[in-house]
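Undergrad: So you can see what is in the structure, the chains are spelled out below.
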Amino acid sequence: MPPIISVQNLRKTYGKTVAVADISFEVAEGEIFGLLGPNGAGKTTTIECLQALRQPDSGDIRVLGLDPLTDAQALRHRIGSQLQESALPDRIKVWEALDLFASVSPGAADWHILLEQWGLAEKRKASFSNLSGGQKQRLFIALALVNSPEVVFLDEMTTGLDPGGRRVAWDLIRAIRDKGTTVVLVTHFMDEAENLCDRLAVVDLGKVVASGSPQGLIARYTSEGRVLFTSEKTDLPWLATVPGVKKVAVKGQRVEVEGSGPVLALTAAALVEHGIVPADLRIEQPSLEDVFLKLTGRTVGE
Amino acid sequence: MSTLFKLTWVEIKLFVREPITVVFTLALPIIFLVVMGGVFGNEPGTGDMIIYRGVGAMDYYMPSYYGLIMMAIGTVALPVHLTGYRERGVLRRFRASSFSVWSVLGSQMMVSFVIAIIGSILITIVGIVTYHPHLPVYPWSLAAAFVIGTICFTCFGFFLGAVLPSTRSAQGIGLILFFVMMIVGGAGPPPEVLTGPMRVIGEITPLHWVIFMLQDPWLGFGWHEVASLITVGITIVSAGLAARFFRWE
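Residue numbers (my numbering), protein chains in the order written: chain D, 20 to 321; chain P, 1064 to 1312.
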């Protein structure tokens, strides 16, 4: 099956600033694909080129078999967009906005369902300017979905949502994917990418530095798990001889054991054998955060 | 097509919810009408100097205020609305959802007509009830002038909205144009009393010609060919420049 989106050697500069140096990736139909990276990495510029909102300097883009440069309007009819920087008229009401945007695609699903799903039913008669940040954000996601798009682009969609709202948004996006819509997600939240994306590309300084499934990336770029516990006895030289253990660090009563393979089980067994039974023994799995650190030498916040 | 009408309906509601534009386009012309009618009545002047083109003040002002409403739309309402839409990312939002430029500007054109018609009906009712002006002599010609005038100032508004960089500049320049045009363009003091330079400035304002185009059929002078040709010219130039400089973001 050909990819639903393909990007080859995309490049975009603003004057002397290189926003996108060289980005290539493909998105398969029906997956949630993420572009993960710090602010200013070129993620937004990339998907704006895909949505025919910006003209790339060079590179080849196909979305749904269409070229955004030549088939912009046809493409925009078939995709949904939640943009990072956009607004609605201050005095437009929530229901008016949904009704208006739905009219662009006559065959679209009933927008009343979106109103319920995205928790806006109570606010249907509120003006845009009177909505909270989270409500505006949910309205924008609803507008991105109102034309029943084949591909939906979500740019930092959970910005401004509270933790509960984020979980709900993730569940709704998964449900949309399960119905066959392809989702392209831009985010700088590691947990969001890890929880939601089927595949992702890690973007840094305008380039894709790695791509794959979140688990695949973690397996490929990190090897160690960390076993953590606290113990009153901290003189534990025998721990280093446990198979798989690579490093033992003691900070006060806190002990960190780094290692690979079944390090948790083997460490636990050794501890019990030496009469130490910490109540807080746990393993910290490596995350995308560690992948990013490994790939770029920085954390996303830096 | 359905987007065009939905957007027009939404825009009409947005227009009504925006107090400033309602004041300039609907309230202000009525206030002027009531005040000027109270001061000058509707008897043609009898002195040596011919003012108000030789007709009663109210006969002069009724069609002038139709033009004033159109001019307020083109200078105050539309430029601020369009620059605000661009500045805040509303146009960007519309564009991403495949709204065409035709539905965005087409809806504004329809709103202009709705507002111009409502404003003119209000002017007509208040004028007739209070100061008994003569009714239009050639109503169909007046209707044609009304259509041309409204299209002209709507395109003028598109032009300002396209070239002005920000909402603030649109507010400033729009208001200056509104007051200058109103005072020297024929909707303020009688044009005959203006001094030389003022009269010259008045004659280069679009409002001057739109008012002539509206007045002549109303007053029974016929059809003002020169005024209508100049108005059409302003429309074409404005529309061309608007199309040239229109930006989504």
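Calculated from the structure, these hints are not laboratory results. Positions of the beta carbon are idealized from the N, C-alpha and C atoms, including for glycine. Don't take every hint at face value.
The calculated lysine-lysine pairs, modelled on DSSO-like cross-linking and capped at a C-alpha distance of 27 Å, are [said to hold, decoys possible]:
| no. | chain 1 | residue 1 | chain 2 | residue 2 |
| --- | --- | --- | --- | --- |
| 1 | D | K313 | D | K270 |
| 2 | D | K155 | D | K198 |
| 3 | P | K1069 | D | K155 |
| 4 | D | K144 | P | K1076 |
| 5 | P | K1069 | D | K270 |
| 6 | P | K1069 | D | K142 |
| 7 | D | K252 | D | K265 |
Cβ-to-Cβ under 10 Å is the rule here; a few derived chain D residues that face chain P [what the hints assert, rightly or not]:
| no. | residue |
| --- | --- |
| 8 | T64 |
| 9 | E67 |
| 10 | L107 |
| 11 | R110 |
| 12 | D118 |
| 13 | G138 |
| 14 | A140 |
| 15 | E141 |
| 16 | A145 |
| 17 | N149 |
| 18 | L150 |
| 19 | G153 |
| 20 | F159 |
| 21 | S167 |
| 22 | E169 |
| 23 | S242 |
Undergrad: Take a quick look at whether D/K144 and P/K1076 sit within 27 Å of each other, Cα to Cα.
TA: 13 Å, holds
Undergrad: Can the hint on D/L107 be confirmed by a CB-to-CB distance to chain P that is less than 10 Å?
TA: Interface hint status for D/L107: holds (6 Å vs cutoff 10 Å).
Undergrad: Once the shortest beta carbon distance from D/T64 to chain P is found, is it less than 10 Å?
TA: D/T64 check fails; min Cβ-Cβ to chain P is 14 Å, beyond 10 Å.
Undergrad: Regarding the hint that D/D118 lies at the interface with chain P, is the smallest CB-CB distance below 10 Å?
TA: 7 Å, holds
Undergrad: Given the hint that D/K313 pairs with D/K270, test it: the Cα-Cα distance must not exceed 27 Å.
TA: 24 Å, holds
Undergrad: Any CB of chain P closer than 10 Å to the CB of D/G138?
TA: 21 Å, violated
Undergrad: P/K1069 and D/K142 were given as a pair; does the straight-line alpha-carbon distance stay at or below 27 Å?
TA: 21 Å, holds
Undergrad: Keeping to a limit of 27 Å between CA atoms, is the pair of P/K1069 and D/K270 held or broken?
TA: 66 Å, violated
Undergrad: Taking the least C-beta to C-beta distance, is D/N149 closer than 10 Å to chain P?
TA: Hint on D/N149: violated, closest Cβ of chain P at ~12 Å, above 10 Å.
Undergrad: Are D/E67 and chain P close enough, Cβ to Cβ, to be under 10 Å, as the hint says?
TA: Constraint on D/E67 satisfied, holds at 9 Å.
Undergrad: Was the hint right that D/L150 lines chain P, CB cutoff 10 Å?
TA: 14 Å, violated
Undergrad: If you take the shortest Cβ to Cβ gap from D/E169 to chain P, is it below 10 Å?
TA: 13 Å, violated
Against the hints set out earlier in the document, violations occur for numbers 5, 8, 13, 14, 15, 16, 17, 18, 19, 21, 22, 23.
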